[in-house]
Amino acid sequence: MAEGKPRTSPDSAPRTLFDKLWDSHVVERLPDGTCVLYIDRHLVHEVTSPQAFEGLRAAGRPVRRPDATLAVVDHNIPTSDRSQGIAEPESRLQVETLEQNVAAFGVPYIPVLDARQGIVHIIGPELGASLPGMTIVCGDSHTSTHGAMGALAFGIGTSEVEHVLATQTLLQKPAKNMLVQVDGTLPPGCTAKDIVLAIIGRIGTAGGTGHVVEFAGAAIRALDMAGRMTVCNMTIEAGARAGLIAPDDTTFAYVRGRPFAPQGEAFDRAVAYWRSLPSDPGAAYDKVVSLDAAGLVPMVTWGTSPEAVLPITGRVPNPADEPDATRRAQLQRMVDYMGLTPGQKLTDLAVDVVFVGSCTNGRIEDIRAVAQVARGRRVAPGVRAMVVPGSGLVKRQAEAEGLDRILREAGFEWREAGCSMCLGMNPDKLTPGQRCASTSNRNFEGRQGPGGRTHLLSPAMAAAAAVTGRLTDVRELS
Amino acid sequence: MDAFTTLTAIAAPLPMANVDTDKIIPARFLKTIRRTGLGVHLFDTLRYDPDGRERADFVLNQEPYRHAQILIAHENFGCGSSREHAPWALLDFGIRCVIAPDFADIFHNNTFKNGILPIRLPREVCDQLMQDARLGGNARLTIDLERQVVVRPNGEAIPFDIDPFRKHLLLNGLDDIGQTLRHAAAIDGYEARQRQEKSWQPAIAI
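As they're listed, the protein sequences go chains A and B. Residues 1 to 478 (the working numbering) are what the first sequence spells out, left to right. Residues 1 to 206 (the working numbering) are what the second sequence spells out, left to right.
These are calculated hints, taken from the structure and not from any lab test. The C-beta atom is built at its ideal place from N, Cα and C for all residues, glycine as well. A couple of the hints might just be wrong.
[As the list claims (entries may be wrong)] The list that follows gives simulated cross-link-like pairs (lysine-lysine, DSS-like), each with its CA atoms no further than 25 Å apart: (1) A:K20 with A:K429; (2) A:K287 with A:K176; (3) A:K20 with B:K167; (4) A:K287 with A:K429; (5) B:K167 with A:K176.
[To be verified] Listed next, the stretches of chain B that the computed footprint assigns to chain A, with coverage defined by at least 3 CB atoms under 8 Å from CB atoms of chain A: (6) 6-17; (7) 32-38; (8) 56-62; (9) 94-101; (10) 105-112; (11) 134-144; (12) 153-159.
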């Protein structure tokens, strides 16, 4: 991880969930505190793996644990009909390269046209490949998502992808422990997305740097697994490589019966182990932040950093009010890029595009929330609204529930699974100046396409924006 | 990986905080299957206008900073995605060292794997070094990794911290995987124990 303090506490001292996950995966501790950390699951996608396989090939090394590895394509692929292949030559080359690599190295792979294909961070938990107690890595920063299972899950670069393929380990030092305690009950109209956006607004995009963040408290316990994954997914936007939520009965009920999860008697033994993982009473954290969920209002980002976030009832800040020169310049750049006027009400901002999907909010629960708002309403004239299921199985489930019909009748596009408009790597992109209400995770300049303007919000808030044509407080649509 | 020992070079000031990986290398350039060739797209949207012309006001489009090998920035450099294309693009442009008050964790990790040295120095020191850098071609900075100092044009040596293990790997240009494989027996042993203790843990098979 980053560079936390070397732990010196005796074995009997109370340990956090992170401490337990870390300790149980240390293969060897080197004299300077660097650890050889064992990796239980390695998820692989087409964008960050070609150079890693190339490195293996050059060194004549095999993949050490193909049976602990799962590959899928998600970032590059179009979310329209894929039966004719991928038209864009560079994207096609990256997908074909992955297909050649998984075949050559014997890595389990879910092909594009398989119903189980989807965004790597959706399908890991969905298939039971991501389990409590594991270490899970992927060449993608949103690997933090899988922390919702009670697993230590974090993103790595391509050199580390190669390292894990070759050795099934990483060289790491333990991170520091941070606790984010979210008490109270979420008010109507607020969701897991609003919790995590509020936390990022509070601690900033570097607030969690060097830490693993454990989310606890009544509001977190009350979340379903989809909500927990949304929270952990965006932990990286607060600078922390990993988010964690202690596994509990909600987790075990979710895992039970999934294809790659332990079955029958093995499942019971696994649960017995998983129950030992939650942080011990009295375990120490390097940093603690508290939030009262009851006081939340639906949140929306206004700028080009996830920390530039406000309640939907807010107004665009005035950079002139900021005393620090660097910060003032940064705010001014955001206001200019986003095409805003200081003091403007957020609810006065008209949107051109609405995007529902991504590893943050592409699960069945998210699509149900959108359909609930969309039912009996119409997408506002001039707005392009798209719903992109996070996986083929999510899509199938939504169709079984008739959600696709509700959405289509309301004027939403209903698309195939993939990363889609979360990042401009596939045909789903904003054009310069377009304003988008998006359920994804990053509002960086050009993230959804060059010149595109992104406002991050929850699925219900995205649906509200779609039907009114502007950023809207979903609580006002009854 | 090239070893990093000492570097005397032109430094480019980039007084921005939260320089994210999409700014360093936008996603549309990640469709490569190689590590090289990304330098031309480094900071693409800051560096070029929508028609692909250089923006004269961006530091890396100006002399002598086109030849910069050191970059100085503000807080939280490299936040965002895990894409190693960000350090690859920096390296391909010629940057071997980035100095900032702090770095995002994954980016920080990725730089070391590519022979790029990230140096954390307090904000006011970064501002001072940016002033030095603004003097242009006659004001080179020297980075001495062995001594762990940044030497200003006036000769003042500013010490910096670095993890000793990472320093060792950088100084010698060592490959991480080679280091880890020295512990292969321990990895074998760990796996054997896990097969016993966590026999419920299933394998992936499609």
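Among all the numbered hints in the text so far, which are the ones the structure does not match?
-> 1, 3, 4, 8, 9, 11, 12
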